[in-house]
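Visitor: Each chain, letter by letter, is given below.
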Amino acid sequence: MSVNQVSVFLENRAGTLNRLTEVLATNKINIRALSLAETSEFGIVRMLVNDVFEATNVLKENNFVATLTPVLAYAIADEAGDLNNLLKNFSAANVNIEYMYAFAGKERAYMIFRVNDTKKAEALLKSHGLNSLTQEEIAAV
Amino acid sequence: MANYFQPDIECAPIEKIKALQNELLPAQVRYVWENVPYYRKKMEAHGVTPDDIKSIDDLHKLPFMSKADLRDAYPYGLLAVPLSECVRIQSTSGTTGKRVIIFYTQSDIDLWNDCTARAIVAAGGTKDDVCQVSYGYGLFTGGAGLDGGSHKVGCLTVPTSSGNTERQIMFIMDLHATILCCTPSYAAYIGETFKEMGYKPEDIPLKAGIFGAEAWSEEMRRDIEKTLGIKAYDIYGLTEISGPGVAFECSEQNGMHINEDHFLAEIIDPDTGEVLPEGTQGELVFTSLDKKAFPLIRYRTRDICTLTREKCSCGRTHVRMTKPKGRSDDMLIIRGVNVFPSQIETVLMNNGYAANYQIIVGRVNNTDTFEVKVEMTPDMFTDNVGEIQARRKVLEDGLRAMLGIKAKVTLVAPKSITRSEGKAVRVIDNRKI
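If you're matching them up, the sequences are chains A and B in order. In short: position in the first sequence from 1, add 36, done, that's the numbering used here. In short: position in the second sequence from 1, add 2, done, that's the numbering used here.
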């Protein structure tokens, strides 16, 4: 199962990211993972949150433009070499990665991937024995 | 479909209108000569007296008036009646300099209200309609003008004034408002808000809108018509001449009929002042034929448009003006090229985006910089940086094709551009020339 990532448009200037975190904080939304893509003028904040529905609602109410993007999340061992093991399977399945980011949990590490055809990639990787995490699993990490 | 408020004059044969103008103009010129020393001095300096003005063919002999005259004569210098005869003032928004104050007698108010009533009836309004006036009330002529017209027609008038958009929507829904009067940018905003609240066009009781007081494009009209499920009519006017209703659109939506029983229109070359033949684009000039308190003769509007006397299938005979390309006050000259904000709006709407933009002009090393800020919308946003850049590039190419010069498009946060609910702040010119 793919996971819904919240992508938000931000202007690239001081204070805009803080305005976003302020809205999320006020509404008690917990960010589980976050990455930022930037150009000289604007950026896209990509994040996994504990409550996707609530997050998109409060962002809209506060005049942010946000969209949901399906991403694939995989848990690996938090030790040297395991990302390499995971990516070998991507290579073998010929899955191209648009972007990725990662975070380490208490026991395991979590890798988040954006690919161009999520469903197809997920099926291919499954055939290599890789099970992607569900929204609930990510929220429970 | 007889949508006329005063059919006898609105559909009068052109000869009858000309005869009326030939009677009113010489009398009006004599009236200002006798009552306004400022005019007398100006006419004397120009070597012309009321005796030289026998018909509208002599109009070109008179000197022009401009906003500078109104400022020079501020506040009472152009008043043609004692103050005790005046019942009201209105004032310009002051966006292009010092405010200008205009005075009205009761008869001036009456003729102004007739003009806006004609516009409301042309848009299908009757005494059975509920007319919500969401133009600003107060010094701005929008609220007072449409309010008065709505009373004349006998509509139930809902004077919401501008602002507090959720309350606007509440009144539209609860009172089943059928006609909405406001600026086009505010109409678009109300439409957007309806959409955000989950209303579909068929849920909205409005059937017509009368929108004016700022430049807007055909694309914006179609967009508003679609979102609100209405037919949108343009209305034209300027405070100096009385306010909205100097001209208005009929069911044909093909140019605005000028109320030429009250306002005599000319098109001139803005550089030479020469009167141009019908159908030629130029600056619109008005002479008020029967106003009492503040009659202006040959007032230069700075609006660029064309006039046509081609027969209109609505049955009205009054001359039609095209939608002004923009006030020549609004027109920017950037790197030597004329740029009207409405052209930028057209490019945005053509690409399916809302017209929420702001032009920022500056000057670096003697070269103009030209930036267009565009608010990001859900339609334009994706998670992919490259895709957003590509969409931005499409807008830049579109602007270049439309204007002939390069503009830098910057995408900014939603609702970050100052949205005045009276008039939109579309241009920031930082050039110090």
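Derived from the structure by calculation, the hints contain no laboratory data. Quick caveat, the model's predicted, so the values are computed rather than measured. Some clues are possibly wrong.
[As the list claims (entries may be wrong)] As a list, the in silico DSS-like pairs of lysine-lysine whose alpha-carbon atoms are at most 27 Å apart:
(1) B:K63 to A:K96
(2) B:K408 to A:K96
(3) B:K129 to A:K96
(4) B:K375 to A:K64
[As the list claims (entries may be wrong)] Which bits of chain B does chain A cover? Going by a derived footprint, with three or more residues having C-beta under 8 Å, they are:
(5) 6-15
(6) 43-53
[What the hints assert, rightly or not] To give an idea of the interface, some chain A residues facing chain B are shown, with a C-beta separation under 7 Å as derived from the structure:
(7) N48
(8) A73
(9) E77
(10) Y110
By construction, the Cβ of each residue, glycine as well, lies at the ideal position given by its N, Cα and C atoms.
Visitor: Look at each hint and say if it fits the structure.
Guide: Consistency of the hints with the structure:
1. B:K63 to A:K96: Violated, because 61 Å separates the two Cα atoms, which is more than 27 Å.
2. B:K408 to A:K96: 33 Å, violated
3. B:K129 to A:K96: 41 Å, violated
4. B:K375 to A:K64: With a Cα-Cα distance of about 33 Å, the restraint between K375 of chain B and K64 of chain A is violated, given a limit of 27 Å.
5. 6-15: violated (count 0)
6. 43-53: violated (count 0)
7. N48: Hint violated; N48 of chain A Cβ to chain B Cβ min 10 Å, cut 7 Å.
8. A73: This interface hint holds because 5 Å falls under the 7 Å limit.
9. E77: With Cβ-Cβ at 6 Å, under 7 Å, it holds.
10. Y110: 19 Å, violated
Checked against the numbered hints above, the structure breaks hints 1, 2, 3, 4, 5, 6, 7, 10 and satisfies the rest.
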